[in-house]
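**Q** One-letter residues, chain by chain:
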Amino acid sequence: MNSTEPGASRVGGTVDLGPPRPTLTEAITIKLRTPAKLRNLELLLLVFAIGITGAAVVLVQLGAIGEIDTTVLIYGAGLGMLALGMHVVLRITAPDADPFILPIVVTLNGLGVAMIYRLDLAEGLAGWESAGIRQMVWTAIAMAIALAVLLVVRNHRVLARYRYVAMLVGIGLLLLPMLPGIGQTINGARLWIQLGPFSFQPGEIGKIALAVFFAGYLVTARESLSMVGRSFLGMRFPRGKDLGPILIVWLAAMAVLVFQRDLGTSLLYFGLFLVMIYVATSRLSWVLLGLGLFVSGALIASQTLSYVNARFAAWLGAFDPENYDAIGGSYQLVQGLFGLANGGLIGTGLGQGRPNIVPLAESDFIIASLGEELGLVGLFAILGLYLLFVARGFRIGFNGTDDFGRLLAVGLAFVIALQVFVVIGGVTRVIPLTGLTTPFLAAGGSSLVANWIIAALLLRLSDTVRHQPRLVVTDDE
Amino acid sequence: MNKELRRISIASLAMFVALFVSTSVIQVFEVDELRADPRNVRTLYESYSAERGPILLNGTPIAQSVAVDTPFAFLRQYPEPAVYAPVTGYFTLNQGNTGVEGAYNDFLTGTANEQFLDQLGALVTGQRPRGAAVQLTIDPVVQQEAYDALGNLKGAVVAIEPSTGRILAMVSTPSFDPNRLAAHDTESVLAAYDELLADPNDPLVNRTISGDLYFPGSTFKVLVAAAAFDSGRFTPEDAFPNPARLALPLSTDTITNSNGGTCGSEATVTIATALRLSCNIPFAELGVALGEDTLAEYTEAFGFGTTFEVPMEATPSSFPTGLDDAQLMLSSFGQYDVRVTPLQVALISAAIANGGNLMQPTLLDRIIAPDLSIVEQPEATLSSQPISRITAETMTQLMVDGVANGAASNARIEGVAVAGKTGTAENGDDAPYTLWFTGFAPADNPQVAIAVVVEDGGGRGQSGSGNQIAAPIAKRVLEAVLSR
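Taken in order, these protein sequences are the chains called Y and L. Residue numbering for the first sequence follows the working numbering, starting at 1 and increasing by one per position. Residue numbering for the second sequence follows the working numbering, starting at 1 and increasing by one per position.
Wrong hints could be hidden among the right ones.
[Claimed, not checked] Covered stretches of chain Y, as calculated for chain L (at least 3 residues, CB under 8 Å):
#1 208 to 222
#2 332 to 338
#3 371 to 383
#4 394 to 404
#5 421 to 427
FYI, nobody ran anything at the bench for these hints, they're computed from the structure. All residues carry an ideal CB built from backbone N, CA and C; glycine is no exception.
Next up, chain Y with everything else stripped away, as it sits in the complex (with noise of 0.2 Å):
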């Protein structure tokens, strides 16, 4: 606005407007192009995640082996590379973006491949049979994917066409491992696909198709779905016939449930249809009727299903022998808690406790191993990474210019808060165990892979919103 260009160069022209004044766009240009300092801040916050994942490597080196093993240091390197190379392609195509969301996903990433490789110190693994070897090649095509989402996508309203296509797709991963020949059981969950050497869990790379379906959906049919429909108990619910989106997710999150066999991701699903319909059409009967179908239709599950029965039995009676001594009962969930309480306050120290007597301590119960070599401290730490992270996605939500972009920022933080409360809830007992993954954190290929694809469209979104001439937001309400 106060540009101090002299602009002495036009002065020589034929007509003579009076001192050169900055358009309105070259104004807003100069007073928000300061992305240098967000960059700045970035790239500071990712030198310290870098360094603190390098130091927990260390850390459970010296306490789990004595000693300093290098080529696994070169390795977390090499991301680290990675890692930088993400931040400088953010200093080319989204100079705009957020500058907490790459710092937190680096340190929850890392302090997940440190606790895995731990894990296998303590397991004696090594080589591609090491899950912590495998979790950092997956780590390194996680952030090529997204390298490659924020390249690709350098719009993002551009989603929006694909919504159909992003239905069909989401559709088709959830449904794939039903599929007989490639589905596959693991734990008592068909959430898997076997391709070759490769397990593959298609449902998570399915939750952002189906955000993207659901945001673009919503976004064209909010009138219909908030303006009419008939007054009840004070609230207005909607019709008959416009009932049918939330009927066919109800039923597909249904299927899950029956089929695949997991609460949780059932649950996962649902919960994310709920959120973006009520933000988009902001009636909460939708939320009721939608709580009210997916609670009965749980309730009967319980009831009808043994698998949920047995989750639930476990839950609530977690200490009792039965449950405890059961196949499939509660005794992974038990020693989970005695991790934790063998954790306490500040923690065993890295590589200092015995996270590894749990079953599946590197995935389904990672956050049980983190709590108990880093303590309480350290889960309040790790859960404040997530809750800044999802509140970095909200404040999209709350400062984006399109509706679409707005929906889908909300949608796709939501359903990593959503996943962390299934999950950590599931531990530590808040609610019944189920078979999501920790995002970032556990060792899971397509559960790193979908998760940062989820990190680079909030980063895509967070350069947009900045790149907004604030004087032109208006709100729509």
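Guided by the hints, dock chain L onto chain Y, whose structure is given.
**A** Chain L in isolation, oriented as in the chain Y frame:
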């Protein structure tokens, strides 16, 4: 849209708050409960990886952990296994711990709440936590003498310092070798454990404080006489009829004195004489005169019914209730259903020796942290005051007389006034007797109170007596204390 977003934000925050609360509850408030769960193998592993503190006597270990090259890092060793096994108990990898090893496990492993700051320090400095050392009150010379004096007999010795309650000796025979149970080879440990458990002589039982308990026999007369005088209703010179046989009310059975005749040659006999000569009939008469309630009151005051923690829990001794006259007569000389531990019998003598003040018995001298700071050092505490100082003095005189001129003659020590009382308890028609001695020395300045019990009549069936078998053992132990 923003209003809805705010609500969703609040809902998400609430989900995180739930997680903050749930993790806090588990990692702070439920920690003790979760750690104590028997299914928590971490607690077990912790006890291996930390260097377990030693159990010391005057700085010399009777149990210690030495570094070995097995996954368990440390092996528990007992240099004098049999002598101290009843005290130390055993430490096993996963079959539980007994004795001091069990009772002070938290301190020995370094996980007691009192050692929290040390744990924190170890975490910061990266050192493996080490357990505290537990120093006991046992006097190794006295303990060894008591063990040797019992020899191959089945029985127990407890020696206590009357003024403090410090236990100077705690011997139970036959003993066992805890080294066999501390081994790292689970199979051999289980085999050794099964063998010890199946042994009919019950070597794993610490007879001084647990097991099936004993009839106190005539040693119980000390308590009955003390109750009679302390109640103010009788003096030592009060006399009772002196028949050679006394019919039990409502029964065809009769009571006799141990010599089969009268207690002295007079028509009546004083309580003092009856105690000195250990006659049953006068005490049966005295017991009925005192009544069940008075005896119940005094037994309780002397510690019956109390679970002493030394720190191992001692089985409470018991005096029966709801007695008819016949049962009360039998109970008055320690038969019928009076059940005692040797610790309890020693405590009766200790209370008399200490002017009527019963001190809390303990094995613990102090607990010493790895940095040599003192974690715990109990002071002598009064447990109860069963009798007055005057009653205690009266009893002391009578018990000195019992050793000098009476039935406990084998406990005499040249130049020292020993107070004592023998006992020969019956265990049924043909069963061998249980032989007792209890007392203290020197009578004018008691340094030690003692109880000795020998099972199975000391190998002499029904022909042995407390004075023959138990009193000489006591004498050796008393001398060991007095010559310190």
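**Q** Now, for every hint given, state plainly whether the structure supports it.
**A** Each hint tested on the structure:
1. 208 to 222: violated (count 0)
2. 332 to 338: Holds, because 3 residues of the stretch 332 to 338 of chain Y bring their Cβ atoms closer than 8 Å to Cβ atoms of chain L.
3. 371 to 383: Satisfied; 6 residues make the cut.
4. 394 to 404: Answer holds; 4 residues pass the 8 Å Cβ test.
5. 421 to 427: holds (count 3)
Taken one by one, the earlier hints fail for this structure only at number 1.
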